[in-house]
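Assemble the whole structure, with the sequences as input and the hints as a guide.
Note that the protein sequences, when read in sequence, are chains A and B.
Just so we're aligned, residue 1 is where the first sequence starts under full-length UniProt numbering, counting upward by one.
Just so we're aligned, residue 1 is where the second sequence starts under full-length UniProt numbering, counting upward by one.
By construction, these hints were calculated from the structure, which means they are not laboratory data.
Possibly wrong hints are sitting among the right ones.
Chain B side only, calculated, beta carbon under 10 angstroms to chain A, not exhaustive [to be verified]:
no.: 1; residue: T2
no.: 2; residue: E5
no.: 3; residue: R29
With a cut-off of at most 16 angstroms between alpha-carbon atoms, the simulated EDC-like pairs for lysine to aspartate or glutamate come out as follows [unchecked claim]:
no.: 4; chain 1: A; residue 1: K18; chain 2: A; residue 2: D31
no.: 5; chain 1: B; residue 1: K122; chain 2: A; residue 2: D50
no.: 6; chain 1: A; residue 1: K29; chain 2: B; residue 2: E127
no.: 7; chain 1: B; residue 1: K85; chain 2: B; residue 2: E127
no.: 8; chain 1: B; residue 1: K81; chain 2: A; residue 2: D50
Values in this document were obtained by computation on a predicted structure and should not be read as measured data.
Using N, Cα and C, we set each Cβ at its ideal position, and we do this for glycine too.
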Amino acid sequence: MRVTLISIPVRDQEKALKFYTEKLGFIKKKDVPLEGGNRWLTLVSKESQDGPELLLEPAPNHFEPSKVFQDALMDAGIPYTQFDVEDVQNEYDRLTNLGVVFSIKPTEMGTVKIAVFNDTCGNNIQLVEEL
Amino acid sequence: MTHYETEIKRIRKKIYSNQGQIDTVIGVRNYIDNNYDINLNLDFLSHLRYVSKYHLLRLFKRYYGQTPKQYLTDVRIKKSKECLKSGMKVTETCFAVGFESLSSFSTLFKNRNGLTPREFQKRAIFEK
Numbered sequence: 001m002r003v004t005l006i007s008i009p010v011r012d013q014e015k016a017l018k019f020y021t022e023k024l025g026f027i028k029k030k031d032v033p034l035e036g037g038n039r040w041l042t043l044v045s046k047e048s049q050d051g052p053e054l055l056l057e058p059a060p061n062h063f064e065p066s067k068v069f070q071d072a073l074m075d076a077g078i079p080y081t082q083f084d085v086e087d088v089q090n091e092y093d094r095l096t097n098l099g100v101v102f103s104i105k106p107t108e109m110g111t112v113k114i115a116v117f118n119d120t121c122g123n124n125i126q127l128v129e130e131l
Numbered sequence: 001m002t003h004y005e006t007e008i009k010r011i012r013k014k015i016y017s018n019q020g021q022i023d024t025v026i027g028v029r030n031y032i033d034n035n036y037d038i039n040l041n042l043d044f045l046s047h048l049r050y051v052s053k054y055h056l057l058r059l060f061k062r063y064y065g066q067t068p069k070q071y072l073t074d075v076r077i078k079k080s081k082e083c084l085k086s087g088m089k090v091t092e093t094c095f096a097v098g099f100e101s102l103s104s105f106s107t108l109f110k111n112r113n114g115l116t117p118r119e120f121q122k123r124a125i126f127e128k
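See the structure below:
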């Protein structure tokens, strides 16, 4: 058994694709049309293109409990998932310049530094740097 | 303030209040990151930070969730992949990242990645 895919619920796949590629720097890997305008849309990290894929999944539009869960996490400021970066402060500066909104600025938590931003698709995402 | 921010502050105060311990483990981790290619052991690492080796072992595992030796192995395997992708020979890679035996490197590499170093290199070059 291997981990090859993680999914993120998004409200608008096209908007998410633009945000995750143009601002965060991910690369589109698979884009398969499905029924009803939905897509099997996956991304990979630029630094690890043979690594796990990130599925931008339109679940909140089709399954109410997914929307309720996503909204509850957003309201509480809780990240849906997290991405590793080399330098949280650099990413914070770069993304802030691109208009990305952070709810938590770079903050040290023991042996890690974290920051949390809004992905504009219904999720808080945490950046993590191991110190 | 969001619920998450409140929790972060609470947890930081409760779990990460001992800055001395944090500085110790971060120092050791940084040392491993910069010196993975030499012969490192717990005795040496503990002397660096003036702590007993058992204390360092406990602290490192508490803050990073793995032992210094496990972390060192992870770093060496990660670096070996970079070397192999750049075209360095397997034997050269083995010693360049600090392993002392080609057979133990190859076995460990295959256990971790499902491919021998040579197979990994062939695939990496083919996919370029």
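Structure-based check of each hint:
| no. | hint | in the structure |
| --- | --- | --- |
| 1 | T2 | holds (3 angstroms) |
| 2 | E5 | holds (6 angstroms) |
| 3 | R29 | holds (8 angstroms) |
| 4 | A:K18 / A:D31 | holds (13 angstroms) |
| 5 | B:K122 / A:D50 | holds (15 angstroms) |
| 6 | A:K29 / B:E127 | holds (15 angstroms) |
| 7 | B:K85 / B:E127 | holds (10 angstroms) |
| 8 | B:K81 / A:D50 | holds (13 angstroms) |
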